[in-house]
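Asks: Turn these sequences into a full structure, and let the hints guide you.
Here are the chains, one letter per residue:
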Amino acid sequence: MDLAVIGGGPAAAAPRPPAIELRGISKAFGSVQANRNISIRVERGTIHGIVGENGAGKSTLMSILYGFYRADAGEILIDGRPTPIPDSQAAIRAGIGMVFQHFKLVENFTVLENIVLGAEEGHLLAPSLAKARRALTALAHDHELQVDPDAVVEELSVGHQQRVEILKALYRKAEILILDEPTGVLTPAEADHLFRILANLRAEGKTIILITHKLREIMAATDRVSVMRRGEMVATRRTAETSPEELAELMVGRKVLLQVEKGPARPGPAVLEVENLRVRDTRGVERLKGVSFTVRAGEILGIAGVAGNGQSELLEVLGGFAAGQGRVRLNGVALDLTGRRSDGQTRRAAGIAHVPEDRQRLGLIMDFAAWENIAFGYHHDPAYQRNRLVMDNAAVLAATRGKLARFDVRPPDPWLAARNFSGGNQQKLVLAREIERDPELLLVGQPTRGVDIGAVEFIHRRLIALRDAGRAILLVSVELDEILGLADRIAVMFDGRIMGERDPAETDERELGLLMAGVVPGARNGAA
Amino acid sequence: ALSAGAALANPGLVIDMGGKFDKSFNEAAWNGAERWKRETGGSYRDIEMQDEAQREQFVRRMAEAGSNPIVVLGFQNMATLEVVAPDYPETTFALIDGVVDLPNVRSIIFAEHEGSYLVGMLAALASKTGTVGFVGGMDVPLIRKFACGYAQGVKAVNPDARIIANFTGSTPAAWNDPVRGGEIAKSQISQGADVVYAAAGGTGIGVLQAAADAGVYSIGVDSNQNHLHPGSVLTSMLKRVDNATYEVFMAGPAVETGIVVMGLANGGVDYALDEHNAALISAEMQAAVDAAKAEIIAGTRMVHDYMSDDTCPALTF
Amino acid sequence: MDVAAILSILEGTIRLSTPLLLACLAGLFSERAGVFDIGLEGKMLIAAFFSAAVAALAGSAWVGLAAGVAAALVLAVIHGLASITFRGNQLIAGVAINFLAAGLTVLVAENWFRLGGRTPSLSGEARFQGLTLPLTETLAGVPLLGPFWGTVISGHALLAYLAFLAVPATWWILYRTRFGLRLRAVGENPAAVDTAGISVVALRYAAVMICGLLCGLAGVYLATALSAGFVKDMSGGRGFIALAALIFAKWRPWSAMGATLLFGFLQSVATRFPRLDLGIVVVPAQFIDALPYLLTVVILAGFVGKAIPPRAGGTAYVKEHG
Amino acid sequence: MQPLPKWADATLVPLLSILIAFAISGVVILAIGKDPVEATKVMVTGALGSTYGWGYTLYYATSFTFTGLAVAVAFHAGLFNIGGEGQATLGGLGVALVLLHMAWPHWSLALLAAMAGAMAFGAAWALLPAWLQARRGSHIVITTIMFNFIAAALLNYILVNVLRPTGQMDPATARFAADLALPKLHEMLGWLGIPFARRTPANLGLVVALAAAVLVWGLLWHTRLGFQLRAFGKSEPAARYAGISPVRVTLYAMLISGALAGLMAVNTVMGEQQRLVMNAAGGAGFIGIAVALMGRSHPLGVVLAALLFGFLYQGGAEMAIWMQIPRELIVVIQALVILFTGALDNMVRMPVAWAFRLLRGGR
Ligand SMILES: Nc1ncnc2c1ncn2[C@@H]1O[C@H](COP(=O)(O)OP(=O)(O)OP(=O)(O)O)[C@@H](O)[C@H]1O
Ligand SMILES: Nc1ncnc2c1ncn2[C@@H]1O[C@H](COP(=O)(O)OP(=O)(O)OP(=O)(O)O)[C@@H](O)[C@H]1O
Ligand SMILES: [Mg+2]
Ligand SMILES: [Mg+2]
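Taken in order, these protein sequences are the chains called A, B, C and D. Under the numbering used here, read the first sequence as residues 1 to 528, first letter to last. Under the numbering used here, read the second sequence as residues 1001 to 1317, first letter to last. Under the numbering used here, read the third sequence as residues 2001 to 2322, first letter to last. Under the numbering used here, read the fourth sequence as residues 3001 to 3363, first letter to last.
It is worth saying that the hints were derived from the structure and are not from the lab. Honestly, I wouldn't trust all of these hints.
Said to hold, decoys possible - Label-pair distances were calculated between CB atoms; the ranges are:
id	chain 1	residue 1	chain 2	residue 2	range
1	D	3360	A	413	15 to 23 Å
2	A	340	C	2087	38 to 46 Å
3	D	3346	C	2279	54 to 62 Å
4	D	3031	A	420	43 to 51 Å
Values in this document were obtained by computation on a predicted structure and should not be read as measured data. A virtual CB, placed ideally from N, CA and C, is assigned to each residue, including glycine.
Replies: Next comes the structure, spelled out in C-alpha cells:
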C-alpha cells in the first residue's frame, strides 16, 4: 500500500491518482472561518473517515466537495484532474454523491419521485419514473437497500429515509459517496447494517468518505482517517496504525482527561419522580412509551442513548413546553403535564431550571443582548421588576455583569448580542442564567456540545458543584464519555423506553452500547 | 403663483370623483366652464376630488386660494358645504344636485324626472319586445327619481311594458364600475330588454358598450352621449349641468343664492337629438315626445317626482 | 326564476370567473414554487391598463395583449428580484407591487389620455370579441342543451377559453412533467432541489414569470374583453379573491377552477340580485360581496379541511448565513 | 460579511432607501412631462410653507402614526398585520357608535369614551385573525387581508342600511353633536399664545398619537409584555422554552395592534369629519406598513416616518390641485418606499456594508 499518503506527505510515484484530492480549500461564513487551507487525498476504493469536534468544519468541507457551497480558495482534483465544482450538478457529473447530516428529501413526495428528482430523462415524467422503478429494484437487491418505491418519504423511519438518500446517490451512478454523520440517528444494529452496505460498495471499487465523531466507528469501519480541528486539517492516519486515544488527542489539540474529578454522591430524598410518562409528537407517533425514574437531591442521573430515542421529548415535557401523560412529581408535588399550568414559567416557579439541548434555537434569543438573555425565562422574577407593569432593566443589567464575570463569559459585555458570542460563551451565558438560580432540579441537555475543552472542564465543574450543593440534576447527553464521567447513575433510553439503569462504576461502554441498541444483557437486573 | 389670494375672483370648479372626462355628469360641468372661458376669455381653476375623506380639504383649498364663485358638483358634497361654506362667508358656492340652506350657497337641482319621462317614452316607442331596462348608479333617492320618471314615460306609451330596474351599488364606487354596469345590462338584455337607460355616471360607459355589443338600444345620461355608439345610443337624457355652471360663472360672485330648479321649462333637462341618432328617432316618435314635453311645460301633464314622497306610481323598487 | 335568468347567471359566471381563474393559476405556479404572491392584484391591474392603453393607440387587441403581458412581467421581475435574488420579504414585495400598480396606472393614464385615469373606450379590433363556437347553430333547436351551449358555453372571448384550457395544462405540467416535479419540489424543500443539482433560483424565477404571464392575461381579459377599456382600480380586489380561491383550492389546479367558478358565480348573482330575497331573509349585496373572503377565512380556520401551503413557501432560500 | 454598525442600519439604510424612492419618483414626474423641481417646490411650500400646510401635514401624520405604530407592534411580535385598514375602519365605527348613541356632557369625556370605542372595535377586528393564527395556524397575512374586505363590506352595509339618517343620500352617519368636537391645534396653540392657521383639521388627536408612541416605546422595552412580545418575534421556539405562551403573545400583540389602528379614528372621525363616512380610513392602514418599515418599527422612527408621509400626503394634495399631477404619485412613492425599505432591503444594505468594509480596511 501507498505509505506516502500518511500524514499528507508528498505522493511517491503512485500508479493511480487518488479518487479525490483537495488542495488549499478555505471557506468563511461571515466572520467564522469554517475551513482554513485544507488539503486531503482520498484513495480510490477505500473508506476514508473524517473526525473532528462539533463545528470543526467537516460538513462544510464535504459540502464544498459536493458543490453545495463554493470555496473561497482552493482546488479540487477528481482522479487527478482539476475539476471545478461550482454546483451540485457538477459534483454529480463528477460521480460524487452525498448523504447529508440533515436529509435533503422532499418529505411529501414518494421515494420514487425523490430519486428521480434532478435525474429525470426527458421532459416527461412517466418514462423516468418507470426506469427508476426498475433500477431501484436492482439496486435494492444488490445492496440490501429495500424500500417501498411508492411510500411517501415522511412516513418512513429515519433509517429508511437514509436508504433513500443512499439510493439517490447510487441511482446517479456515484463512484464517490460522502456520508455526513450517518449513524447519529441510527441504532447500533442499523449502523452495523449500514457499515455492511458500505463495505459492499467498497468491494465494488467505490470510494466512501465517512464523517463522524464516534471514534469506535472510525476504528471499525475505515481504512484511513483524517482529523479536523477548528477549521484545519491536522492529520491523516492509516486506521490500523492509530488508536482512539491518539485521535481524541488530535481532535481536541491536547491530552484528553476523560475522567472528571468528583467526590462520591450523597443522595438525599427524591426530588423528581417520574412514573409511566408517555408523549406523542404532532403526528401522533408515541415518542415516550412509559418512562419511569427518580432523581434524588445531590445526585446526577445521566440519560444515555442514541439521539432521537425520546430524550429530547423527555426534556421538553419536564421543561414544560410539550404535553405528556403520566405522573411527574417534584418534591412530592404533582406537576401538570398537559393543562394550563404546564409551561416554562410554572416549571421555573416550581424550581426547575433547564439548559436546553439546542442553545441557539431554544436557550437564547440570538438577536437579544446578553442582559436580555439573562432575563429571558426569568422575566417574571420579582428582582427584575420595578412594579407590576414595568421591568427593572437596570437590575437585570447589574445582575448580568455579575454573572458574566463569575462564569468567565468573554467578552463580558452585557450589551453584546448573543449572536456575537462564540459557541462556548453562548453556552456559558445559558448556564449562568440557569445554574445561579440554585434550582431544586436542573435539566441539562448536551451541556458541552460544540464547546471547547477548556469550557467543557469549567462546565463540568459547575455541574458537580451544584450536585454537591444538594441539588438534583438530570443530564441528557449522547456523549458516553460525558455520561460516564459525570453521572452518579445512568439510565439508558431506547425507542422511548428506559432499557435499564446502571452504576457507572460497574458498567462500561460496551454494556451501555448494547442497551442503547435495545438489547438487555441477560445477567443483570434492570432498574433498581 | 400659488399663494393664497394671489388670483382674485376667478371662478372655481370642484369636480367630483369620476373625473372631468366621465363623458357624463362631471364632463358636462367642465364643458360649461370651458364655454364660459371661450366666450369671456377669463380663466378658472378646477380640481378633481380624489378621495372620499378629502372632500372638505379640496373645497377649502379652493376657497383659501380665493376662487369665487365656486361650483361644487354632486349631492355627496352637501355635507361638505354645510361645514366649509360658513367658514368662507365672502365666497359664493353653487352646489349642483343638492340643497344646502346657507346664505352664500346657491343650490341647483334638476327636474330629472321630467327629462327621464321623455326618454322613457322614446324607449317604449323604440322597443319591440315591450321590455326596457334601467341601470342606476348608486341606489339613492336621486337616481330613483330618474328611474321613476323613466318608468312613467314608458308606461305612458305602453301600459303593458315591463321595466327592469337595477342599481350598480349602494356606495360612490357604483358611479365608476363599468364592468358591473356591463354585466347588469347583459342580464337585462338576456331578460328581453331591448332599450337600456343608464343613469350611472362612469358606470354607464359599460352599459352603453354592452348594449352596443348586443345590438340593442341604450340611452345616455347627463351629457349628450349619442356619439359614443352611433346607431345604438337611442338618445341621451340631457341634464344641463353645463348651463348651470356657465350661468354661475357668468354671474360671478354676485350670483343669486338660494334654491334654483332647472326643468324642461327653463332648458335644464331635455332629450338629445343630433346627427348620431337622427336615423333612430322617427318623425312620429319625435312628435309624440314633443307633444308630451309641451304638456309638461304647460303643467297639463304631471310627472311624479319620487323625491317628493319617496314613492313611485309606475315602478316598485 | 326562469331558464333565461339561470342561463344568464351561468354565462356571467364564466365571464367573471375567467380573470379570477387566470390569476388563481398564476398564484398557483408561484406559490407551488415557494414564492408567496399577494401582488396578483397589482400585476393584473397594470396589465389591464397597458393592454387597454396600447390597444387603444394601436387599434389592435393583440398588440394590447403583448403590452399588458409585458407590463405584468416587469412587475414579476421586480417580485423575483426582491424575493429570490435579494431574499427580501415576499409578502412586503407583493404589497409594494400592488401599490406601484395602483399608482402608476392612474399616473400614466392621466398623462397619456387625460381622461381622469381612464383609457378611451375600445371598440372593434381593439377589443377581444366573443367567439361563436361551432355547433351553436346545429344545437340551437335542441331544448336546454341548445340555449346552454349557445349562451353559456359559446360567445366568450378567446382568453376565456384559454383560461379554462389552462387548467388541464397546469395539471399536466405540474404532475406529468419534469418541470412540474421540480417546481413542486422547490416549493417543498429547496435544499433537496439544490443538492440534486438543479438551480433553485432559475426554477423560482421561471415560476414567478409564469405567474406574471398568467396575471397579465387576467388583466388583459379584464380590460379588453370583459370591459372595453381601463378604469382606475378596475381589478377591484380580484387578485385577492384569486388568492382566496387558491387557498380554497388548496393549491390544486382543478380545485382552483372549482373555487373560481364558485366565486364567479357569487359575483354573477350579486350583480343581478343586489338584494337577494330568499323568502325568509333578504341577503344584502354586501354580504355576497364579502362571501369569498368569509369562505376563505372559514377554510383557513381549518374547520372544513385544512389548507396546508407549500412548506418552503414564503421564505427565501438561504444557504449561507453571514 | 461584517455586520453594519447599528446606527447605520437604523438610519443610513432607510435614508438611502427613501432617496432611491424619491429619485425614481422624480424620474416618473419627468416621464409624465412635469418638472420635478417645481413639483418639489409645490409640495414643500404646500405642506410646510405655511401653518395652514402644517395643519394638514400634522393631521395626516397623526393618522399615520397610529397605523404605523399598529404595524410596528405586530412586527415586533413577528406578525405582519396588513389589516390596519380594516381595523381603522372598525375603529371609526366604534367612535361613531359611542358619539351618536350616548349623551356626553363634555368633549373630554367623549374623547375618552371614543378612544375606548375605537380601541375596542379595532382590537376586536384583529382578534379573530390573531386567534386563527395562534390556534389554527392560518396565516395572519391572508386573514387580515380578507378582514379588510369584510370590514369594507360591513361598514358599507351599516352605513347604507343602519346608520344613514332617513332622507340622506350620502352613505354616512349623522353629524356628531357640535360640542363634542375635539379642540383643534390652532385652539390648543392659541392657549399657549402661538398663532396657527384656523380651518385646518389638526387636532388633539396629535397629542394622543404622540402619547401612544411613548406608551408603545415603554411597552416594548420596559414591560414584561413587551419583552415577551419581542422575544416571541425573534424566535418562537425559544419563546416556548422560556414559557412565553405563543397564543397569548399573538393575541395580545394583535389586540394592541388593532387597538392602535382603531385609534386613528379619533383623529379622523372624531377630530375632523365628525361623522362616519365611507372609506374613512382612506388607505392610512396601508401607509402604516410603509411607515413602520421606514421607521424600523421603533416608535421614534415611526413618528418621523409618519411626519414624512404626512408631508407627502399634504404636498401630494397640493400638487394635485396646482400642477395637475394626480395624487397617485404619492401612492407610487409609498410603493417605492415599501419596496426599498421592506423587500429590497438587502439590495440597499449590501453596498452600504461594502462601503463600510472599505472604510474599515482603508484605516
Ligand atoms: N450555512 C452556514 N452559515 C453560516 N455559518 C455556518 C454555516 N454552516 C456552518 N457554519 C459554521 O461553520 C463552522 C463549521 O461548521 P460545520 O458544520 O462544517 O462543522 P462540523 O464539523 O460539520 O460540525 P458538526 O460535527 O457539529 O456537524 C461552524 O462554526 C458553523 O457555525
Ligand atoms: N456573527 C458574528 N458577528 C460578530 N462576531 C462574531 C460572530 N460570530 C462569531 N463572532 C466572534 O468571533 C469569535 C470566534 O467565534 P467562534 O464561534 O469561532 O469561537 P470559538 O473559537 O469556537 O470559541 P468557543 O470555543 O468559545 O466556541 C467569537 O469571539 C465571537 O465574538
Ligand atoms: Mg456537520
Ligand atoms: Mg466554537
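Asks: A separate judgement is required for each hint: does it hold in the structure or not?
Replies: Consistency of the hints with the structure:
1. D/3360 x A/413: 15 to 23 Å: 20 Å, holds
2. A/340 x C/2087: 38 to 46 Å: Taking Cβ atoms as reference, residue 340 of chain A and residue 2087 of chain C lie about 40 Å apart, which means the hint holds.
3. D/3346 x C/2279: 54 to 62 Å: Roughly 58 Å apart at Cβ, these two residues keep to the hinted range, so it holds.
4. D/3031 x A/420: 43 to 51 Å: For residue 420 of chain A against residue 3031 of chain D, whose Cβ atoms are near 46 Å apart, the range 43 to 51 Å holds.
Of the numbered hints given earlier, the model fails none.
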